[in-house]
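S.K.: Each chain, written out:
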Amino acid sequence: MTDTNTNMRLKLPITCFILEIILIILFGVLVEYDKETDAKKWHHSNHSEYDNDFYYRYPSFQDVHVMIFIGFGFLMTFLQRYGFSSVGFNFLIAALALQWATLMQGFFHGMQGGKIHVGVESMINADFCTGSVLISFGAVLGKTSPVQLLVMAVFEVTLFAVNEFILLSLLGTRDAGGSMTIHTFGAYFGLMVARVLYRPELDKSKHKNSSVYHSDMFAMIGTLYLWMFWPSFNSAITAHGDDQHRTALNTYYSLAACTLSTYAMSALTADDGKLDMVHIQNAALAGGVAAGTAGEMMLTPFGSMIVGFLAGIISVLGYKYLSPILESKLKIQDTCGVHNLHGMPGVMGAIVGAVTASLATKEIYGDGLKDVFPMVAPDGRSASSQGGIQAISLAVTLGMALVGGLLVGFIMKLPIYGAPSDASCFEDSIYWEVSSKKLLETSKLSNSPLQFMISLVYYTESDYFGLTSFRFVLPLVLLSLCL
Amino acid sequence: MTDTNTNMRLKLPITCFILEIILIILFGVLVEYDKETDAKKWHHSNHSEYDNDFYYRYPSFQDVHVMIFIGFGFLMTFLQRYGFSSVGFNFLIAALALQWATLMQGFFHGMQGGKIHVGVESMINADFCTGSVLISFGAVLGKTSPVQLLVMAVFEVTLFAVNEFILLSLLGTRDAGGSMTIHTFGAYFGLMVARVLYRPELDKSKHKNSSVYHSDMFAMIGTLYLWMFWPSFNSAITAHGDDQHRTALNTYYSLAACTLSTYAMSALTADDGKLDMVHIQNAALAGGVAAGTAGEMMLTPFGSMIVGFLAGIISVLGYKYLSPILESKLKIQDTCGVHNLHGMPGVMGAIVGAVTASLATKEIYGDGLKDVFPMVAPDGRSASSQGGIQAISLAVTLGMALVGGLLVGFIMKLPIYGAPSDASCFEDSIYWEVSSKKLLETSKLSNSPLQFMISLVYYTESDYFGLTSFRFVLPLVLLSLCL
Amino acid sequence: MTDTNTNMRLKLPITCFILEIILIILFGVLVEYDKETDAKKWHHSNHSEYDNDFYYRYPSFQDVHVMIFIGFGFLMTFLQRYGFSSVGFNFLIAALALQWATLMQGFFHGMQGGKIHVGVESMINADFCTGSVLISFGAVLGKTSPVQLLVMAVFEVTLFAVNEFILLSLLGTRDAGGSMTIHTFGAYFGLMVARVLYRPELDKSKHKNSSVYHSDMFAMIGTLYLWMFWPSFNSAITAHGDDQHRTALNTYYSLAACTLSTYAMSALTADDGKLDMVHIQNAALAGGVAAGTAGEMMLTPFGSMIVGFLAGIISVLGYKYLSPILESKLKIQDTCGVHNLHGMPGVMGAIVGAVTASLATKEIYGDGLKDVFPMVAPDGRSASSQGGIQAISLAVTLGMALVGGLLVGFIMKLPIYGAPSDASCFEDSIYWEVSSKKLLETSKLSNSPLQFMISLVYYTESDYFGLTSFRFVLPLVLLSLCL
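Chains as they are written, first to last, in our numbering: chain A, 55 to 537; chain B, 55 to 537; chain C, 55 to 537.
Note that these hints are calculated values from the structure, not bench results.
Among the clues, some could well be false.
Repeated chains share a single entry, so a pair holds when one copy, or any two copies, can fit it.
[Said to hold, decoys possible] The calculated EDC-like cross-link candidates involving lysine to aspartate or glutamate, where the alpha carbons are at most 20 Å apart (straight line), are:
hint, residue 1, residue 2
1, K94, D433
2, K262, E487
3, K383, D325
4, K258, D476
5, K89, E417
6, K262, D476
7, K95, E381
8, K383, D326
9, K94, D107
Fair warning: this is a prediction, and the values are worked out from it, not measured in the lab.
Whenever a hint applies, use it, and build me the whole structure from the sequences.
M.R.: Spelled out as structure tokens, the structure:
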């Protein structure tokens with residue numbers, strides 16, 4: 055399946071080289087170690103080596119890092135012939151996005167002396183922003199070229215940073231786990247891009263837009279890492295002490311409750327009562343999304359479980375009943391169902407956060423109030439206006455995501471990036487060497503009909519487990535029998 | 055393979071919803087943040103944010119969490135057609151068990167003011183208890199419905215908490231890594247359940263009760279995560295400082311030595327000298343189990359290596375010679391061989407712990423004695439009576455596990471949970487949508503014997519490895535036949 | 055494929071048992087807890103439990119541990135029929151090497167009172183040394199018996215410890231992430247062994263020396279874990295505080311830049327512009343190797359990105375153009391291309407380290423200079439002589455690796471270890487029970503050419519993907535044909 059249009063020989067290297075060289079130059083000009091990573095600055099003041107924030111953030115960072123590369127990467131390998139692209143393009147765009155995000159977030163969140171200061175917190179924030187891009191990637195999975203995805207990443211990271219700046223810096227919104235900034239933004243941005251890139255004839259590759267047994271097993275690796283490390287994700291940049299501790303705990307209970315409601319709903323909505331891997335792989339994670347804003351608040355385990363329980367139900371219902379409607383009515387082909395995993399649960403998380411914030415009192419939070427709600431704490435705004443701000447932030451995020459996705463979708467639609475044809479969507483071999491092809495070419499067995507068959511067997515096998523070429527082999531076998 | 059008996063459409067949702075709603079109500083009534091997770095309580099006293107136990111337990115918790123969901127989940131994916139159920143039911147029952155364990159352990163281990171206080175330590179303890187349930191799951195793997203497993207989890211968690219209370223609180227037993235409370239209890243409980251659920255005609259599904267190449271690869275993911283993180287498991291709830299450090303170190307050496315003896319024994323006991331994946335996947339972990347009690351003691355690296363070395367030998371011999379006898383003589387069909395991985399090494403670990411405890415002196419432990427043996431330390435019981443208590447604890451645990459497993463086995467045997475028939479054991483498609491099934495149903499071929507063959511091919515193959523193209527192949531075959 | 059020569063029934067158990075018993079005896083005689091793991095010593099002095107180094111090194115250790123067992127293990131599973139051996143022999147020799155390394159490194163790096171003191175730092179160092187052995191394993195992957203590999207591990211660990219002693223203790227070289235001690239040493243040692251073990255007729259198993267679709271997916275698990283945790287690897291044993299923090303940060307940016315240049319070069323060097331999994335799996339990691347020496351220095355994010363960017367380019371070019379030359383001209387059959395992933399990037403890292411060291415000033419490092427360059431710091435050697443020492447260290451390492459590899463290669467060449475024949479290289483079933491093989495053997499089909507085809511199908515398929523039901527289908531097809 056070689057196609058001059060999708061040939062990446064020049065497009066991809068040029069894009070990667072230009073982007074990386076720009077990044078290196080900007081890093082050279084703008085980026086400096088912060089005082090916790092700089093040898094001179096750190097040793098200037100008097101403290102224990104063990105006070106370095108590395109020891110209190112880096113384990114959380116590593117968990118988040120695993121979620122970004124293994125979690126998102128493998129979650130998307132459920133497609134039968136798109137494993138290389140799922141995990142490989144995830145890897146590529148994440149590696150770009152985290153560098154660009156460091157610059158964009160550093161630019162918006164306060165440069166000091168004209169310099170962006172980096173340390174473990176900027177690494178976590180960059181990974182968070184990357185997560186948002188990967189959510190959008192889920193909506194367009196299988197239908198885009200790597201160059202298109204790199205273009206999307208550059209623009210989305212920029213808009214993400216603007217939206218995050220408006221929320222966190224201008225409005226004083228609380229959103230530690232990113233129900234709004236990461237999940238809602240990433241999902242609706244991606245859905246809008248998918249809308250613009252709508253393919254009326256996508257049915258041509260419908261047979262590849264589904265899973266096979268082993269691809270679902272690989273996807274479960276992604277699911278479980280996301281599920282296990284979500285408590286680290288939501289707590290990674292909250293205030294130290296009780297805040298990180300409580301956020302992790304709340305998320306843990308939310309996810310556990312969500313898992314039970316997901317299994318229940320998956321069996322209940324199937325005619326034959328059988329569980330659907332799509333639901334398990336995705337909806338069981340909705341509890342983490344929905345606890346993204348309120349997780350750091352005094353939501354209580356009880357509240358967290360209710361949130362998770364409802365998020366699982368909503369998410370399965372979305373996969374079952376809403377996704378088909380989105381496709382047929384709104385022309386949004388959402389490959390991974392990010393609307394059900396990140397969109398609706400993200401909105402729900404934002405609402406839960408607004409309500410929980412508006413109920414905050416000094417009674418409940420004691421002196422911890424200033425950690426969770428710095429704007430409310432001393433003698434700032436009232437809790438109910440914090441709640442109002444939270445609600446407004448959701449609206450802002452939705453607006454930014456929809457308009458941003460629309461614009462970026464049109465940029466991505468330009469016919470210059472080597473997007474696949476309708477018939478070759480969801481297919482690795484467009485952009486990847488798929489191994490056994492070479493074998494076949496180099497195999498020295500070629501002069502007897504039996505040996506031809508042998509190489510065919512190789513070809514098919516080796517290819518994709520995947521005896522796809524038996525369609526060639528067996529007729530030949532039978533023909534030779536007849537002769 | 056749709057069957058009204060195994061149809062989960064109502065059974066599973068009803069069970070999940072009832073259990074989760076009960077859990078939510080009980081959490082609402084009984085559970086509170088502890089003083090390290092509560093905003094008010096934490097800020098009430100004067101300390102650094104960095105003193106929060108989150109920073110000294112959470113990394114261990116995350117390692118344990120990975121062992122529970124990835125470790126146990128993927129270890130059991132070795133069966134050729136049971137990957138979805140292995141990792142999926144593991145996920146479901148673990149999510150239930152950790153919530154129920156929080157309540158049960160909180161109830162037994164001291165409520166304050168009528169409330170259960172939760173934080174990272176209760177998360178670790180809940181995961182530990184969950185581990186015990188998953189060990190029992192290994193004994194009945196492939197022969198039980200998800201509803202049966204949920205029922206087992208509820209009862210087993212309860213009995214686990216009772217046994218743990220007797221040992222740790224009443225007797226003052228030391229068992230940080232759970233050789234007794236987790237491994238011995240989980241294994242013998244599961245074996246007893248397997249005995250009660252004995253299926254004389256299980257041979258009917260014998261061809262599915264084995265691995266294929268790639269399923270063994272998935273299982274190795276589980277094995278390695280268990281192996282790598284076992285030092286974190288054994289040290290997760292020991293006293294801080296040297297105790298956690300030493301426990302991790304001892305477990306590391308025990309596992310390394312165990313791995314060498316496992317490979318040696320696997321080759322030695324095979325007629326053709328070939329290594330058996332079953333041994334590598336399981337017996338190499340026995341060193342972690344066997345260091346579960348004595349790991350926190352001054353076992354020394356030397357002692358740890360001897361323990362691991364012997365555990366590997368015992369475990370391989372168990373797989374090779376004892377498991378067949380258990381099945382034929384005692385009618386215990388132990389799918390994963392939990393007797394060899396958790397049962398015997400657990401008992402061995404308990405004995406090693408008793409001996410090591412009885413040898414403890416102030417000479418060796420110095421002021422650290424009070425951390426490891428609080429009952430011995432100040433002017434409490436003698437070391438040898440601590441050793442005696444450890445031995446008694448093993449007997450108590452075995453008794454609780456066997457009687458508990460017997461009773462719960464009979465509860466699970468009630469014909470209301472949708473257990474699979476003998477012929478459909480070890481088969482995912484009973485409880486899961488397996489992707490290509492739908493293809494089969496929508497295929498319009500249905501009335502000739504040859505088409506029976508086609509559906510056979512579909513069912514067996516495509517289902518599992520994406521041989522979707524057979525729908526092209528076989529028609530061609532048949533056409534050529536007709537010609 | 056049973057062969058008396060490769061039969062491991064006695065060879066492997068004898069080797070494992072002798073080695074492990076020697077290890078246990080030496081541990082009994084020589085090894086003691088250090089003061090952070092010993093109950094008495096730790097409680098002798100007055101400090102907080104939280105000051106124990108466990109809390110500041112163990113999370114890094116666990117990340118390194120995952121790289122060794124999952125990272126290296128799965129990276130090498132790319133071969134189509136060598137997954138069991140890749141991950142299984144990796145497991146075996148790592149378990150041996152870490153024990154032997156504890157002794158060797160303890161012996162060279164300062165015994166106190168005739169005893170080797172162990173704690174988390176010795177665990178990290180042992181894992182590092184093990185990494186070097188696993189790099190060499192990559193060069194000879196598929197062509198060696200497990201006994202040969204154990205012999206290699208014993209000698210290589212010893213030479214590694216000598217080289218490390220010369221560099222770190224005698225010369226005062228800085229090499230925290232092991233560009234020289236681990237990567238350069240492991241790669242050139244392995245290449246030299248591969249040279250000595252050159253097999254002119256390896257073409258006989260050429261068809262198995264390549265990947266298939268799913269084996270590339272498994273390999274990506276290894277790649278990503280190595281990639282994600284490399285910041286922890288490089289920072290695991292640097293000084294505490296800013297040093298660990300900075301090293302992790304530098305490595306993070308180096309890897310991100312390397313990923314972009316790898317994708318660019320992979321597409322650019324392919325005739326059809328398609329990405330090659332070999333490059334993605336390996337070259338994207340070169341940025342971590344190349345930041346191994348300078349990572350702890352004030353390399354800056356800018357410098358790190360340039361290093362990573364170039365490392366990716368060099369590594370892809372190596373895979374594409376240099377590896378074939380190494381094989382045809384120098385007779386080095388480097389299965390995993392360790393020269394491209396560890397060799398050249400390691401040398402590059404050493405040079406970058408020498409240059410960065412020679413540019414170190416009190417101006418830049420402030421009081422942190424003594425942490426990074428203890429020999430330079432107070433009034434020691436000049437920065438430029440530190441740079442010179444770094445360069446000399448590279449030469450020493452290359453010499454030790456090449457001479458050591460030559461000698462050990464000849465030891466490994468002795469025809470007593472059960473090495474595979476040329477035709478049975480890259481084949482698991484030599485050393486492992488492969489499940490469906492038994493099926494084939496017990497199948498009663500054996501005397502016609504058609505049955506040859508059937509067994510061919512069996513062998514290629516069932517073996518590896520569980521298409522066991524072909525034994526039912528094909529005979530039926532053929533029977534119906536005869537009728």
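S.K.: So, for every hint listed, does it hold in this structure?
M.R.: Okay, the hints, checked on the actual structure:
1. In this assembly of identical chains, K94 and D433 lie within 20 Å of each other by CA distance solely across copies; the values are 18 Å between and 38 Å within a copy.
2. Taking CA atoms no more than 20 Å apart as the test, K262 paired with E487 passes in both settings, with 18 Å inside one copy and 17 Å between copies.
3. Proximity of K383 and D325 under a CA criterion of 20 Å is satisfied in neither setting, with 24 Å inside one chain copy and 42 Å between copies.
4. For the identical chains of this complex, K258 and D476 are intra-copy neighbours only, at 6 Å inside a copy versus 42 Å across copies, given an alpha-carbon limit of 20 Å.
5. When the C-alpha separation of K89 and E417 is checked against a cutoff of 20 Å, the pair qualifies only between copies, where the shortest distance is 15 Å, while the shortest distance within a copy is 37 Å.
6. Taking the closest pair of Cα atoms, K262 and D476 come within 20 Å of each other only inside a single copy of the chain (11 Å); across copies the shortest separation is 35 Å, beyond that limit.
7. Taking CA atoms no more than 20 Å apart as the test, K95 paired with E381 passes in neither setting, with 55 Å inside one copy and 50 Å between copies.
8. Taking the shortest alpha-carbon separations for K383 and D326, neither the intra-copy value of 27 Å nor the inter-copy value of 39 Å comes in at or below 20 Å.
9. In this assembly of identical chains, K94 and D107 lie within 20 Å of each other by CA distance solely inside one copy; the values are 16 Å within and 24 Å between copies.
In the structure shown, a violation is registered for the earlier hints numbered 3, 7 and 8, in ascending order.
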